[in-house]
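**Student:** Since each chain comes alone in its own frame, lean on the hints to assemble the complex.
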Amino acid sequence: MTLTQATSPDRLPGGDEEAFVTTNKTVWQRLLANPTAMASIVMLAILTLSAVLAPLLAPGNPLRVSPADRFIPPGAEHFFGTDNLGRDMFKMVLHGGRTSLFVGLVVTAISMSIAVVLGAISGFYRQVDVVLMRLVDGLMAFPGIVLATAAAGIMGPSMTTVITSLSIVLIAPSLRVVRGQVLVIRELQMIEAARAVGVPTLRLFTRYILPAVSSPILVQASFIFSAAVLGEAGLSFIGVGIGPKELSWGNALTEARNYIAQAPWIVLFPGLALMLTILALNLLGDSLRDILDPRLARRR
Amino acid sequence: MLRYLGKRFLLILPTIFVPLILVFLLLRLSPGDPAGMMLGDQATAEQIAALRTQLGLDQPIFVQFLLWLKGIVTLDLGNSIFFREPVMQIIPRYAGVTILLTLVALTLAVLIGVSMGLISAMNRNKPIDRGVVTTAVLGISLPEFWFALLLIFLFAVTLRWFPVAGYNPPSAGIVAFAATIFMPAMALGVRQSALMTRMMRSSMLDVLNEPYITTARAQGLPESTVIGRYAMRTAAMPVITVAGLSAGYMLGGAVTIEIIFALPGLGRMLVEAVGRRDYPLVEGGVLTISLVLAVLNLAIDLIYAILDPRIRYQ
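Sequence lines, in order, name chains A and B.
Going by this note's numbering, the first residue of the first sequence is number 6, and it counts up by one from there.
Going by this note's numbering, the first residue of the second sequence is number 9, and it counts up by one from there.
Derived from the structure by calculation, the hints contain no laboratory data.
Backbone N, C-alpha and C define an ideal beta-carbon position, used for all residues, glycine too.
A hint or two may mislead.
Negatives, chain B to chain A, calculated, CB over 10 Å [as the list claims (entries may be wrong)]:
id: 1; residue: Leu35
id: 2; residue: Thr82
id: 3; residue: Glu93
id: 4; residue: Ile99
id: 5; residue: Ile136
id: 6; residue: Arg318
Quick list of in silico lysine to any residue cross-link-like pairs, SDA-like style, CA-CA up to 25 Å [stated by the list, open to error]:
id: 7; chain 1: B; residue 1: Lys15; chain 2: B; residue 2: Leu33
id: 8; chain 1: B; residue 1: Lys15; chain 2: A; residue 2: Val135
id: 9; chain 1: B; residue 1: Lys15; chain 2: B; residue 2: Ala307
id: 10; chain 1: B; residue 1: Lys15; chain 2: A; residue 2: Leu188
id: 11; chain 1: A; residue 1: Lys250; chain 2: A; residue 2: Leu193
id: 12; chain 1: A; residue 1: Lys250; chain 2: B; residue 2: Glu280
id: 13; chain 1: B; residue 1: Lys134; chain 2: B; residue 2: Thr222
id: 14; chain 1: B; residue 1: Lys134; chain 2: A; residue 2: Val135
id: 15; chain 1: B; residue 1: Lys78; chain 2: B; residue 2: Phe32
id: 16; chain 1: B; residue 1: Lys78; chain 2: A; residue 2: Leu188
id: 17; chain 1: B; residue 1: Lys78; chain 2: A; residue 2: Arg139
Isolated chain B (complex conformation) (with noise of 0.2 Å):
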């Protein structure tokens, strides 16, 4: 198991490093001076210059880039050019709100996507099969911020049962939270439970012909047990996959999500950082985004090697 581990550190490096070195990579090789492009017409040659050499500009990029590795590895990131105040204060203020977010969509997704897919696959053929399917064709091709847009209408403009915007944190009370929270993690889920649907399904099916499963049968087991214990864990093999890559999918689609909903989170601050070239707040918001999809993804590994041991031993 260690040794497995161990495999799986190794193999999330580059996950968190091609995303930052290519962030990198674009911020200094993009035409313009950031530092001249970050201070606005108005600054003098000198006030360039100082800013120049404040961030680094003024030395060769490869210098730059093991100066920007070690801001990194130390856990330096610089300070924010616009709130003035260090990157690493200002990103868990917006980071719990996206993972936050992330996570109640991902369990939104996966309820509607194990169940619909369940239901689909013991009802295989029937007109509720077909519903199914179709509605997951429909919601696989459904733009989340369309989608956002919908939700809106129905839930905040005409029903008035939640506000059009903004945000509550946990801490306001849980039915304050989840009035905000719930149409974004709607929005943001939507298109993965539909995929997590399909995938349920049909591994569902492939399941339910297994010889084990008639064994199972023929001995006389309750079908809530053959179905809850013995198809289920199969079943949920590459339901979990696509979990995985479901989460890392909606901490990119939150990016849209916060905006229409005005969610004080991490794609939202990276959307603004961008509009006002404030660089270092930029990559520290993709360094945050690369570390939480990292440590998820090791978690969804421990999830399939707890869940199947003949990964342990490979």
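Chain A with its partners taken away, still in its complex shape (with noise of 0.2 Å):
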């Protein structure tokens, strides 16, 4: 997903220069006004708040074993059934996902503030700029899992390997959207203006490029924010994610593997969540991009 963003400059309107400039007011208002883009923040807010609430709506040691009530099928006791342990499946799902969200989270907030600095430091600087982009090529070429593998197979597993080794692999296709968005726009009259009255570097960047670039960082956060909740699932099912003794959606999955001719049920609910979490991440970077760049929804 996130490698066809598109960052020509042709995505341009007309050299309007206050089609850059979106206020947080507007934009919400045309989400609020987008259907798709309304469901996937309500499907969001869903899958957040049963995680935030987790301990108050499926009270109790997700991890606790209980032999005497294997394989339950899904039912009114329990609505997810229960394991090859007889752990209730709505607790591991509902208490899987805080990990799952806050990887994705955290991932998202230190692979963006990376790509923003760094891309803005390549927009301005060429020198910089070959170099960077030389290490971006490398890193985008190289496929991100097998690289996050390694690292944390080297590391050891545990949260912060796969945060930090998911991290490192992200900022590279979001530093490519942000130099891009900056190569765009310091080509602008306003930032030539600012410059000839003499504002500084670091004032110009923050003041003028970043309102401008807010928008493209907006929707590729969400799609980086998908591959990383993939990225960690991925990771922790194979077993070189969070470690055993965490929980999360690709950690539930990794011995479900082995009972699914017994009981489906522990396969398809931890995919189930992790994939509507993907699915509205995915239709609420799509839409944000509709509204943000009109040029490219019109084709759609």
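**Tutor:** Here's what the structure looks like:
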């Protein structure tokens, strides 16, 4: 997803500089008017709330083993059934979401912040740009999950490892998007004017560039979020993720695959939660892009 | 064309070396002594020291880097700690499976993506178009390892068409091979086929609005010629770009899929090697994946240059 982000200068709406300065209010208003965006926001709100409120909605230790209750199908007592160790799947999914969403949030914050800083530097200083962009080429051509797997394996499975390796891998695509936007915006007359009156570079960046690139950053962030959630699940699934003592959707699926014939529900629910999250984030990213970039929207 | 090729070759270098250097640094700078970890708790100090010398770990990091670089250039990747044989002999055994899996998955993804995208674009805003678009959105959000489990449940557990896991090489017969590669390839290709469907649809819709298509139709050319000869060629360009990115993504995604379906591929080898702290093998695996990707990207660029003459002369 993140790799298909268009950043060519032809996205400039006819040199109209006002179009770059989109206030939060109008974006919100337009988001509220867009049914797909609303649906995805509602979905995300439900998923986030159920993760945050997991200790209230499904109290008790989700990892508590209860051998007498193995493989109970979904029903009134156990909404999502129980797994091979008699653990309640409803609890596992709700509590697992806490880890998955937390990792997604932190990875997005780290990688986007680094990408914004490096992207701005890259967009302004050609010498740095040449080196950084070759690094990005290298990082982007290589499958991130392999790099993250190697990193996680070497540093040992833990939440810190997952967050570190996913953040490194996901900086590259965001950096490219931010840099592309900065390159377009620095050529605008408002920047030239600001420079002419002697605005210092740092201030130029915080007051002029950053607001102008905030929309593409927002779009990119939602795709990075979804890539991070998916990445964590994949890494945890193959056992190089957050480690066996923690719980996440990917982790919950690791053992489930051995019991798919007896108890398909233990595979179904964690995966469904994962897919809904990614779907909601992708839909949000798509509709944000449509709202913020009407030229692209018309083609769909 | 030669100049273009030369430029492309130079651009490939970072894509090979950046991941390698990252892995090199990760291995060298991570806490703990690799030699000690490889030999386990029972190793004596002498044994660890001997292995450190053998691996060059007692040298300064810069010297280590040069030694390692020399190894890559001379194609001497050292011996696997676990298998006790040269990495260069182990890798080909696994690489073939991964490359085959990726190729089959890519073929499936392109076939599904291009045909669905085409059908969707030709029936714009009709129910079939909406159906395809919705399916594509769902497909993009489908985690491949979960989809793999669903495929196993449907085709292996319920219908019993294919074995749950395992691998038959093509030499065992095409039917036997297909039976073990179909589910992994589907699982690996599904997200990419959804991406390509969207790409193909939007690029086809763009092309169909071009004046030269109107001209071709006005001249009374049959619709099959207009679409097949005129529109497809232009519309395929972005899809080819996506195919290149997809192949890279699939080589990565193959890690999980190979583990689920117990395929003896590079990804599984890599995860196992990482688990065993078999560093020479890890580096060899990463190098192989980088090289395969570099070759693949070069091939995509060539296809591009052939389809669009303008690129050659830039």
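**Student:** For each hint, tell me whether it holds in the structure or not.
**Tutor:** Hints versus structure:
1. Leu35: violated, 6 Å
2. Thr82: B:Thr82 clear of chain A: closest Cβ-Cβ about 22 Å, beyond 10 Å.
3. Glu93: holds, 21 Å
4. Ile99: Nearest chain A Cβ is 14 Å from B:Ile99, so the label holds.
5. Ile136: holds, 16 Å
6. Arg318: The claim stands: B:Arg318 keeps its Cβ more than 10 Å from every Cβ of chain A (closest is about 16 Å).
7. B:Lys15 x B:Leu33: violated, 28 Å
8. B:Lys15 x A:Val135: holds, 15 Å
9. B:Lys15 x B:Ala307: Cα-Cα ~14 Å, so holds.
10. B:Lys15 x A:Leu188: Answer holds: B:Lys15 to A:Leu188 is near 23 Å, not above 25 Å.
11. A:Lys250 x A:Leu193: Distance ~53 Å between A:Lys250 and A:Leu193 Cα, so the pair is violated.
12. A:Lys250 x B:Glu280: holds, 21 Å
13. B:Lys134 x B:Thr222: Holds, at roughly 22 Å.
14. B:Lys134 x A:Val135: Violated, at about 47 Å.
15. B:Lys78 x B:Phe32: Holds: B:Lys78 and B:Phe32 sit about 13 Å apart, inside 25 Å.
16. B:Lys78 x A:Leu188: violated, 39 Å
17. B:Lys78 x A:Arg139: Holds, at roughly 22 Å.
Comparing the model with each numbered hint stated earlier shows that hints 1, 7, 11, 14 and 16 do not hold.
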